Structure formats: structure tokens, C-alpha cells
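Below are the chains, spelled out letter by letter.
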Amino acid sequence: MAVLLVGLLTLIAGCAPAGAEGQAFPGFFAPPAASAEGQAIDSLYFYVFLIAVAVFLTVEGLLLWIVFRYRRRPRVDGLPPQTHGHNLLEIVWTAIPAAIVTMLFVATIDTLAFVEELDPKPQGVIIDVVGFQWQWTFNYPEEGLSFTGAGAEGPVMAVPVGERVRIRLEATDVIHSFYVPMFRYKLDVVPGRVNEFDIVVEEPGTYTGQCAEFCGLLHAEMYFTVEAMSRADYDAWVTEQQQQPEPTPGGSPPPDAATVEVTSVGVVEGYEPSELSVPADTPWLVDLTNSDQFAPHDFAIRGGNPDGSDWQGDPNADPGQQVIYEPPPLAAGQYEFYCSLHPNMVGTLRVGE
Amino acid sequence: MATTTLAPRARPYTSTRARAYEWLTTTDHKKIGVMYMASAFLFFLIGGVYALLIRAELAVPGIQFLEFETYNQLFTLHGTVMIFLFVMPMWTGLANYIVPLQVGAADMAFPRINALSYWMIPVAGLMLFSGYAFGGAANAGWTGYAPLSVRENIGIDLWVGSLVLLGTSSILGAINFIATIFKMRAPGLTLMRMPLFVWNTLVTSVLLLFAVPVLTAGFVMLFIDRNYGGGFFDPALGGNPILWQHIFWFFGHPEVYILILPAFGVVSEILPVFSRKPLFGYKAFVFATASIGALGFSVWAHHMFATGAVYLPFFSFFTFLIAVPTGIKFFNWLATMWGGQLRLSTPMLFAIGFIALFLIGGLDGAFLAVVPFDFHVHDTYWVVSHIHYVLVAGAVFGIFAALYYWWPKITGRMLDERLGKVQWVLLFVGTNVAFFPQHILGLDGMIRRIIDYAPNPGWTELNFLSTIGAFMVGISMLPFMWNVFITQRKPATAGDDPWDANTLEWATTSPPPTYNFEALPPVRSERPLFDLKYGAVEPHAAAVPAARGESHEETRADAPEEFLGEPVEGHEDPDVPGARTTPQVSEHAPDATPREERPKREGGDPAPPTEGRS
Amino acid sequence: MSAGSEVVQLPHAEESHVAQPHGDQGMNTALLGMMLFIGSEVMFFAGLFAAYFNARAAADQWPPAGLEDVVHLNPIVIIATVILIISSFTMQWGVWRIRKGDRTGLNRAVGVTLLLGIVFLAMQAYDYFLLVSEESFGINSGIYGTLFYTLTGFHGAHVFGGVIGLLVVFGRGIAGQFSARHHIAVEAVSAYWHFVDVVWIALFIVLYILH
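Chains as they are written, first to last, in this note's numbering: chain A, 3 to 355; chain W, 7 to 620; chain L, 1060 to 1270.
These are computed hints drawn from the structure, not numbers from a lab.
What you are looking at is a predicted structure, and each value in this text was computed from that prediction instead of being measured.
Using N, Cα and C, we set each Cβ at its ideal position, and we do this for glycine too.
There's no promise every hint is true.
Incomplete in silico selection of chain W near chain A, CB under 8 Å [stated by the list, open to error]:
1. 125
2. 126
3. 233
4. 290
5. 292
6. 329
7. 369
8. 371
9. 374
10. 377
11. 427
12. 458
13. 463
One chain only, chain A, in its complex shape (with noise of 0.2 Å):
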């Protein structure tokens, strides 16, 4: 019966017709890996795959003869023969299963090799990456270009193909873990410790990566996009980042603008104050110290713009840092504002009472 409803499953998962936007329905087998790590990955993967099915067969199909064949019948009487063991089978079933996972931590350890390889002197592009929640940071340290970004896709990490990458990882608050499936690899981000490892993309192609270390109310939400490109691609890609003016915070308000003052505590306290106050339809500015000593935070109005769209303030204000915005004046009335990167982060904003 199991070997049936597995066989089904696998029927379905494995076969089945390409799904929609050509990419295949997922089964046993995935696209194959997109980084020289993850074909090694996918082929080890593959005989450990044929053995488990050898293994599952065999046991499931004994199983099954067993009870078929032996199923107590009608009209028998008297016991079946008492056995009570056989010490040459139980060396063989201890036998063999040590020789198979034998094999088997020697091809782990081969792969692992591999896979771990650690360059001593990383001669390509080196990316250090940030983990806070529930958002990444990515540093370029070489090249001078900073990342961070929220959302369904998060910030972008451009990588040429063919070449060795090092990545570092390291969090500020808790627990991360820096996963792309395409790549099968992920590697804890741990605050005060920096792991690294060496990547080489062998295609070209966007994928997409995401925290798999459960860190908090948004956990389920911290993507992030990796751009695998051509390293001419790549050049031109970073030079054209590099050319971005870099934004400057705050601008020029007007002298007399009334300004509130508001700290950001932290992902969990919120802000302090929790409700403002603010004349209505007169420029004003908001005055946001982060004092929060992991995330940066940043401060925007639901149905803050004319068109009643959420405004967003520019740029996030990173741990200890002071930024000053200057959102649209306000019609009257009463506000919800809240930290674009935590959501949970909300409070009042009463506009001309």
C-alpha cells in the first residue's frame, strides 16, 4: 500500500506536465543547480537518491510479501515454528547497512570538500552581506556600493558567472540564514561571527534567495535576488551603480517648518513617542533619531502622498543615526505612520487639532 501511494506521489510530482511560464512542476528531481557547488550537490544527491529508493523497495517489499504471504489463515492450528534468530543473518543485515553509509560518508566527505573550498586569498568580488530584520544589506567593499532593500524581490546581489565569489556573512541582531535554492546551498548569518564561502555561478539568470533561519515576526518576508550576469555585464552594471548620486538625507527644508521629534526604540518597542501631533496643511518635518542598536528604520505615512498612496521616507536611518524627512503637508485629520521595514512598527499621527 505505501509502495503504491509513494509511487503515485511520485508519479505526480516527478512526471507531470510542465506547469505554467514553462517552468517545470516541481518532483524529485530540480532544474539542475545553477553554481558549480550545486551540480556537485545535485549529482551526490542523485545516488543517495538511488540507494534510499533501492533501500525503500526492498523493505517496503518484503514488508508487504511478509504480510501477504504469512496472513494467518483459516483453519490453522498449532504455532508456527519458534525461531528466535539466526547470528549469521544479524551480521549480515548489520553488514551491509555499515558498508552502504560507509560508501556513503566517503562520498559526503569528497563532496564536502568541495563544496567548503575556501579560496585563502579571494582574488575575485567579494560581497559582505548583512542580516538584520528582516532585511539585507549588501556590501560591496571594493567597488564602493551598499544594497539594502525590502519586498518580494529585497535588495539585488549583481555576481559575474564563471568566477569565484566569496561571500560574507554577518548579522547584527539574531539568527539569519542566507539561502538560495538555485545554488542548493545556505549558510547561517550569526551576529558576531562572520562566516564565508566561495561561490561560482555557472549560469547566467536571476535567482531568488530568502532567510531560512526563523528570525522573527517577519521571517516569511526576507527576500533577496541574486543577478547572475556575463562579467562585461557585470562591469558595466556596477559602473552604472556607481554613477548613482548617493541620496542626500534630509535636504533643504524651510527654516520655520514645525519639526517633530520622534525615536525609533526598536522592532519589538516600537516608537517613542508612539502618537504626534502636526499643524495642518503646513510644511513640516520629522525629526527621527534610530536608537535602536540593531535595525535601521525609516518612517512613512499610510495615505501620506496627495494621490493617497502610502509616502515613504528617504533614506533609512541605520542604528544610532539621525535623519530628518520632509513629508507632503497634511490635510487634517488622523494618520497611521509606521517604519516601512517593520510594519509592526506603528503609530499616530494627528494632523491639526
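Given the structure of chain A, go ahead and fit chains W and L onto it with the hints provided.
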């Protein structure tokens, strides 16, 4: 049968109030065992509803009806409740009921500590759920990884308190089981004749005894970090977040065996009875169980391959090694059935279901020992699938096998076979439909502990399938509960030994009297009752009155009252021979007779004292 | 004989085996229970010690900068250690007395042990007081402070538990409840007290000598 004469069942408590008082104050291992199982089943239902809420939320992509925070609390409590408040107390309860019977004792070694262990369970359960009243239940996952658990809400303090309490309960229970098994076995019941369920309880108890205190130390550290500015897990203060994982998994991996070894024991009890053959390779089972227990302490860091902070080959190697004793068990189980006369009653079906499905969980585990592959599927739904194939297909199938098997012993009534088979089919199919698709989701990179997932090709269908399966598992509990309900309304006609079983618990009445045995058959193998029924041994010349027989002499001599401060010491009764001629048939009667003054046995003659002969 | 008319030869059923009850051999059940409990306590302290060595191995400097001389061998600690070690001997002396049936000797020995235990706790409290008030060294003074107070504090809590046990034994001894044959409570509390002493010696070596 001569050795199982019915004792007149005393019913000293008549009013409801008196019976409630009797249950609330009991130190009888059977009543305590039943209370353990009843509370565990209640928590199973709560944890099950949580699971269904989680699966309903995940049925399709997008956020349906839960919020992030609610969801995080749900899966934290689902894991905690199922492991610490369902499976562990359920096994403790079953062992509480069965182990003293199987070793031919009148009670556990320390009956009052036994009651204390039980009453910690409801208190801990209330404490865990009281988080909802204080601003949010625990929300850092059942593994409570620091530093996240250091920073989250008050519910974590209550979670810590609850688990320390449950841990203490488990430690006391483990001490009780070890002392019972080592000190209170019937004459002739040597270690290598103990039923496998007793062996597995023994190994489980040893695991608990050495693993749980380490977790308690970890909880102490977590509590200090949370409330007194400690720096155990805070790198800014010189601490190390990975330390929590080492401590947690040093407990956590033996914990997996704590949850599953009793199921191995149950299956090893049921297969021989329903195959009408002895267990194939009894010694191999004992050694395999012991080595699984020992290896359990050397593999904790295989839960931490992706931290970048452990020496991978070592832990990979020992993890692979565990496959060897597990394999031995599987083949011996098959060999036990081979050539037998298999009666496919409900307990047997659950035992066979266990073998069929636990195999998948075990093979998943072997995959996870392949470190590079673990990098890929760690923290994905592959691991969710693995743990549920181990704990639902393993522990839950084992638990229901045990319940159907021992139900007639506990209540004197046979559960309905037809409803039992309906439940088996629903549970078997439901488990596979719920958890098998999760392998593929994991391989495709769906991570766990998320309220929402991307609508990637196939993910919606597979998740929906998994949700259907989860609801099938949920529905499979209805026939069981209905079965229990209608069975309790029937007369108690099951008889002492309805399954034609092998071990001592079936040599007494169903349910057994307070003091368990009127008389014990001689024990010359691991199947004393079989030997007796099929003529391999003669019953004792006269029924050995258990209360006066050799076995129960020790029960009373080792009465724990002494240790607990009951003033028995210094109050010896000088008139010893007189005291012995009026035997007291009570499991609590303290025997103040000094050992030296008891009648000496001559030349190891197993015969009872002279007044026992007739 | 109810079931099974047929007699089967079962080679494994050793007819000649001599039935042996187990209760009369080896350790008393209650004492076995205490030994198992001590085993679990050893694992508890092993967990705390593991945290200590983990932090110490990861640190660049141990004790951390600025705290080099906070925890050092001082007369209070040395005297407290000597007191605890002596109390183990007085406890054992009490066990030996009662094994010979000497109730007065037991009561004297337990009384002295109890007193020494209380003095140890008082000295530990005084040591904490000095550390906090004069050195401003608290449980929140980084991992070093956390470890110091957790390890010594939980040891102190166990000494306190032992003192409670000694109180019970003392009271029962005064009431004359122990005899040469029946004094399991004395043996059990004594075993626990020795365990507490051994943990302190380990702590003393790790925290004061090897630092």
C-alpha cells in the same frame, strides 16, 4: 488459569466526590498512568487544532486569516505541545501503567514522586498557554534559538518556566523508571528476559536523565540573559549565540530517541504476539536499542551543519552510524513476522504501518546526514517532512498501536476493530498525503516557519495536497474518540489475555487489582506467559500470593516512605515472625522487617515462604 | 492451563534457572534514586561548565580586559572552601556513627555539618556583597560576570538545598528515628552533600586557580 484468579475488586469509593478525591490523591501507578495518558491526549487535540490552523493558512499562497505574530506563536506552541505535552507524557503514562506490570511489581519504586511528576504536567501546560493572557505566547519556535528568544516577548519566560517544570517531571520520572526496572523485577526476570518495552523505557529513561538537565542549564542561561542582563548568548557581551544550539541539540537529539524508542518497544511487543512467534534476535534488539541511545549523544551538531561552526565530518559519520542499529531493528522485525501466523488486528496494523512509514522518516534522516545535501534542505520543508515522518508515522503510530493493544488490559474492554481499522486507513493515507509532498517542496526550496510562500509552479498544488492530508489526520481522530466512547458503555468482557500474549501484564486481571498480581507465573524466558500457556513451564506448585511472595517482599522493603520522611525508621516491630503471618495486601504497607531477620532462602530455592504452600 | 493444548519444546526456557529476587542485592532503592538524581545534577553543572569553557575558549583574553583581578583568591573564599571541605568530613563521620548505632554521635555530626553549611552560605553572600559594592561586578558585567554568578549562584542554591536536607535529617535524628539499620535518609543526604562539595572544588579550581 491457576495463576490468574480474580481478586474481589474492592470499591471503597462510592460518591463522585470521594472518587475524585481518590484520583487526585492517588499514588497508584495505573491511575497515574491513565491520568498521564488522558492529559496527553487532551494536549494532542490542542496541538492538532494548531496544526490544522497552520495547514489551513498554508493551503494557498498569500496570507489568509492569520497574522504574522499569531502564526509564529502557533507553530511554536504546536511543536512544544506535541513534543513535551503530548508524546512525552503519553509514553510516560503508558510506561507508568505497563512497566510495573511487565516486571511483575506492585507499583513504581517511588509512588509519591510518581504522583508529583504527573501533577507537574497540567501546571506546566497552564503556564505555557498563560502566555496568551500576558501579552503573547512564546513565538521563537520550539527550538527557541538565541538571540531571537532573548529578545522576544514575555511568553518566552513562561515557555522557559513550563519546560523547566516538564524537564524536572521527566527527570523524576526517569529516576523512578530506572529504580523500578533495576530493583523491582519479579524473581527469574533477568535483564535479558525483560520485555522490549521495558528495555526501551530503560534506555529512554537513561537518555532523559542525562539529556534533560543540560537543557535545564540552557534554560537557566536563557532566563538570565532575558531578565538579568546576562551575556551567555550576546556577542556584544562576549557570549556566543551558537552555544544555545549546542546545548539545545545536546538535549534535542537524544530527545528524538526519547520520543521514538518507546514506539520501537511497542512494535517489538506487538509483532511477536500477533505473529505467534518469539521476537527474532532479542539480544540484537537490546544491543541496537542501547547503541542508538549511546549514539544519540554524539550526533547533536548534525542539526547545526549550516551554522558554519561545527566540525562536519565527525557529526556526519556518527549520524550515518545510527542507520546501522536502526537497520538491524527493521530486519529483525521483518524476520519476526517471517514464517508466522499474522493476525491483522488493529494493534498489528498500526505496528505494520509504523514499520512501513518510519522507514521513510529514517531514509530522510540518512539523506540529511549527507552534509552537502543538508546545506540545501536544512530548514526547508524537507526537514518538516522528515520530523513528521518520524513523529507522526513513528511516535503517533506507535502510540495508537500501544493504545489498541493495551486498551483491554487498562479498561477490561476491547476497542471496536472495525472503527480501529477505519482510523488506521485514514491516518495512514492522511500521513502520506500530508507529509510526502513536503519532500518535494523542500527540494524546491520552500523554507519552513513561514506564513506565506511565493506562488511558484506546483507549490500551491503540493501545499493544498498537504493541507488535505493534515485534515485527514485530524479526522482520523474522530473514529478513535467515538470508539472509546462506545466501548466504555459496553460491559468489561475482554478477559485477562485477549490477544494470547506473552508478557506478565496479561497474567493478571483486566484491569489489574490495585496491587497488580494475585500470583506470578515462573519466569524462565522473555515470554513467561507463553511458556506457561504452552506448557514450557509448570505454574508454581501453589499460587504464590504476590503480597507475600518473594517479589513483593522487596517491593515493600524498599518502600519509599522511608526516604520521603515517613517515620518508619527507628520503629521496628520486634515481633517479626508474628507480623509476617498476617500479610497485608496493600502496596503501601511499609515493611519494617530488617532484611537480616527475614527467613533465609535455602540454596536459592525459589519457593515461597512455607505458609504460601498448601 | 487454559489456552494451548499442545506442549512445545522451548530450548531457551532454562528450567534449571534459580530465581533470584533483585531487591536484596546491591544498593538500596532509595539510595539508588538519590544516586541517579545526583547523576542528573552532574549533567546540569556539566552544561554550565560547558558554557564557561565555550566562552573562555572564544575570548581573546581571560578574564576579560578590566576584570583581571576582580575574582581572585581572597581569605573569604579560601576559608569558605576549607569550611565546605571540612563539612564533608563531618557529614561522613555522622554516617559512620549511625552505622554503628550511635545516635548522639550522628546528631552532633549533622549539627556541626549544618552549621558549617550555613556559614558557607553566609560567607558566599558576603563575598557577593563585596564584589557588587566594591568592584561593581554584577551578573550583567559581561559574560565573565554572568558566568561567575551563574556558576557560583547555582552551586549556592544546591548548598541551600543540602542545608534543608540536613535540617530534616537533624530533626529526625533528634527525634530518634535513625538506627544502625535504618538510616537511608542520612546516607542519601550525605551523598548529596559530598556531591555539592565536589562541585565546589571543581568551581574553585576553575574560577580561582586556573584563571
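Please write out, lowest number first, the hints stated earlier that are contradicted by the structure. 1, 2, 3, 5, 8, 9 and 11
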